[in-house]
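Use these hints to put chain B onto chain A, whose structure you have.
There are 2 protein chains.
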Amino acid sequence: MNLQAIYHRPKSNFCYAYDENVIHIRLRAAKGDIKKAVLIYGDKYNWEKRQELNMKLVCSDDLYDYFMVEVSPESKRLAYYFKVEGGEGEFYFTEWGLIKDIEEKEVYLHFFQYPYMNKEDIHKVPEWVKDTVFYQIFPERFFNGDTSNDPDELTEWGELPTSGSFYGGDLRGIIEKLDYLEELGINGIYLTPIFESPTNHKYDTKDYFKVDPHFGDLETLKELVSKCHERGIKVILDAVFNHCGYFFEPFQDVIKRGKESPYYDWFHIRKWPIETDPPSYDTFAFTYRMPKLNTSNPEVREYLLKVARYWIEEADIDGWRLDVSDEVSHDFWREFRKVVKEAKKDAYIVGELWLDAYPWLKGDQFDAVMNYPVMRALLQYFAYGNISDSQFKELINKVRMRNTKQVNDVMLNLMESHDTSRFLTECNGDADKLMMAVTFLLTYEGVPCIYYGTEIGIEGGHDPDCRRTMEWNKENWNLKLFNHYKKLIGLRKQNKALRRGKFEWLDNIEGVIGFTREYEDEKVFVLINNSNFDKKVTLEVNGIYVDKLTGDVF
Amino acid sequence: MNLQAIYHRPKSNFCYAYDENVIHIRLRAAKGDIKKAVLIYGDKYNWEKRQELNMKLVCSDDLYDYFMVEVSPESKRLAYYFKVEGGEGEFYFTEWGLIKDIEEKEVYLHFFQYPYMNKEDIHKVPEWVKDTVFYQIFPERFFNGDTSNDPDELTEWGELPTSGSFYGGDLRGIIEKLDYLEELGINGIYLTPIFESPTNHKYDTKDYFKVDPHFGDLETLKELVSKCHERGIKVILDAVFNHCGYFFEPFQDVIKRGKESPYYDWFHIRKWPIETDPPSYDTFAFTYRMPKLNTSNPEVREYLLKVARYWIEEADIDGWRLDVSDEVSHDFWREFRKVVKEAKKDAYIVGELWLDAYPWLKGDQFDAVMNYPVMRALLQYFAYGNISDSQFKELINKVRMRNTKQVNDVMLNLMESHDTSRFLTECNGDADKLMMAVTFLLTYEGVPCIYYGTEIGIEGGHDPDCRRTMEWNKENWNLKLFNHYKKLIGLRKQNKALRRGKFEWLDNIEGVIGFTREYEDEKVFVLINNSNFDKKVTLEVNGIYVDKLTGDVF
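Residue numbers (our numbering), protein chains in the order written: chain A, 1 to 554; chain B, 1 to 554.
Hints should not be assumed to be uniformly reliable.
Note: identical chains are not told apart, hence a pair may lie in one copy or across any two.
As the list claims (entries may be wrong) - Keeping only pairs whose Cα atoms sit at most 27 Å apart, straight-line, the calculated DSS-like set for lysine-lysine is:
1. Lys-119 to Lys-259
2. Lys-49 to Lys-206
3. Lys-271 to Lys-44
4. Lys-206 to Lys-271
Read the hints as simulated data drawn from the structure, not as lab findings.
Please read these numbers as outputs of a predicted model, since none were measured by experiment.
Excised from the complex, chain A in its bound form:
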């Protein structure tokens, strides 16, 4: 047995409360190494009544097997350890590691524990998110619905963007295209920033309380959100709280007045007078136009929390996407969560985070993050074709096991964003590859997010090229692609199993990947042939099944 491979840690993704009654326990071991894993559990104050449960091997990645089991401790207290069986016989696995025997007199020093299921520590995620297909819009490039608010110098719609291009896209443009979005079938919109800023991307905020005049005003935003809500579409905005823009008034005041400014400690000023090359203050990514905000200053916190609350209360938005969320303090996000959930109980909080985000996803900070690790797996498997079927499954499993089930349920899964090159471009324009990838995205667990325009075949390399204008001339659309998106989104909306169903790989098939999503009496089989050849798959099923793409009945 590979003793060193066995891992468990309480109060982590390996042991967490799923809801007020259920605790999930996971155990990791070297792949293929353990024949049997048993959970021995009970109340530490009543250990004589302990029980045993066999754990289930739920998935594997390249190196490890993951075993799992659910328990519902009546007293809300859980003490436990494991019994594992490998080649060399049985071991107990306790907080002290693998041992042959546990002395009864010191058993209380061996327990792993979830000491008590306190309600306020349990991560509750918004239910509506599970039923949502998001559509990410870069407003400056979607549609120009109001030419009266255009910036002075416009690039012609359709021309390739440079980093400084303006095209006139605005909130009115989104309102006018709601029919389109409804036809596509999406029911959630995530807007990149819309507050006043001199740039087209608006990640350098000048005024957090003002819609950018080129995009509209408070009334336009309210109209957009309320018209979305009428159609059952939720709206989330982009909170750029890590840094402000160079022209943010408090920062301008510091430039002018230095230590005399009441805002001096709103930033991380390393030297005054302010210099910009290199910046004499902490910034986002060495960009002098983006001074980092000092969230250890209570005034800054109060200000940003007011912003968070304001747009929920004023414009009725349904959540926040958090820009550069990993560089802002955990302490701030904890307070942010409380304020946001108080303003709107089921608001969705989703962080921009490219790495293993578990430290932010324990229930006290975000509900989910943008799932860039899944993007990487999709790129490798579908776009580049440089990993095998089983490697793809291993990557997906690795990512799933990083987080709790409630987080995986509302993870914002994506293939691309305004910060990456577009998926179709990474496929060298091969829309078949994209169609396979999006089939996965729209049937997998978690919440799909479509980057505007991909559904009709827009391409683009890295920023700024991935921010091209939306194509409104249907003659230039890839209609096959568009219809595929529509069909898949429709299927997801019609089948609760695709939104909430238990995810399980089909392991007994060859040459294709497949999985099931199962919810109550509904079971969906998803099969994706990512090869250049036709494949025949035999499935053993009970009952009547319908091919949801062709309509054929079996």
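Frame of chain A, contents of chain B only:
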């Protein structure tokens, strides 16, 4: 190479900010498996300027080697991965696991990260704690300094206690024995609960704002604390916030009025009318006399936080020991920390926690916990003699690696408490064993805590026997033991290296265990012979050394 053994996770005990400038990185691998581990690190926005640092093998436990390195990222952002060299050559270890090569174009998806060192997330621990030797007092059994406040029926001082015995010990008794404590040399007192309660242990609080009348009153407590402070002794009290007592007024109100009571939601009532056998409400350990408090109720939180603040402001106490801290919510403790540190910036917050306490020791909750895992190692090695020298070292290393350095610096190390049988009893009365164990305790990293009376040879089995009365007749003392305690406490106070010095095992010695504590130009060698035979140890040292026990100079 044992690929499955290699472990790292950012924002955990494997990667944390030690202070505002320094990040500690640890890497775990199978014991003896890796020849070399290198950290490759830089700013993710400036990755071309990445650097390399060799990691140091700092310690091992039964299964693993732990490598460590410190970095000080100038931009306060850290991206990194590892290069490890084993039998089969070099691998990179990134967030995706062990790989042979990293494609340049996707390096940003491979980083481990400490994204930004935000001040408010960094765990700062109180400096004074590092210079403290604590003495735990069970006030009912220490000294009866005021017979006018005695309970009605007293057991005679010196008789063995039953669970219901009262002896009349009180706060005045502690005040009167401050000379004794100063002679012993301790400079911190931790009192088990002193608020009004019907029991001798007072873990079932009736009134959180009142000193138990049998112990004294607010004035006595103030006098005790201020007289301690005059002598440089800090005082911490026991916060019993997981549960109250049956006679706590709000609970009595619920018994009487049920759902009509404004306090109904202060508890976890499962059924009304209240039943006690079994209790129809959540309790501590199925004990009906200890109803669990509902910390998800804002009124309860406000009440308990007021208690926490009150005794700091009124009586000037220096911190709180938190009873059953693992069963109270993390969310509550986070708020508790803010309130307590606001009331007294360098208050010490130490949880009662028997298990791996890392989830509570990340900087947002406690400063430290009672180090019961170290107690287990001391018992096995010194009292029972059922583990070898190297197994002892492995256990100690395992426990150290669970937590950050700043936590280890202020960990409350103990050999016993009011909740365990006494160490001397576990040694079957062999004071030589106890003397070796306490030599370790008083020279090891972290903060020693002495349970009243052990220093003079008091014995006792499990509760209530471990709560015997203090012996004040010097004729009954084990003077050799007492002098050993005095000597060791004195050495710790005289030698900063013993309080703040870097801890390192001496690995090139045989038949004894030894370690050094090094601080600036001071270096202390500690050697403990836990065998029944004389041992000769040769040490290579530079400079002049003094045997601190005999005074001999080398």
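| Violated constraints from the hint list, given by number and in increasing order | 2
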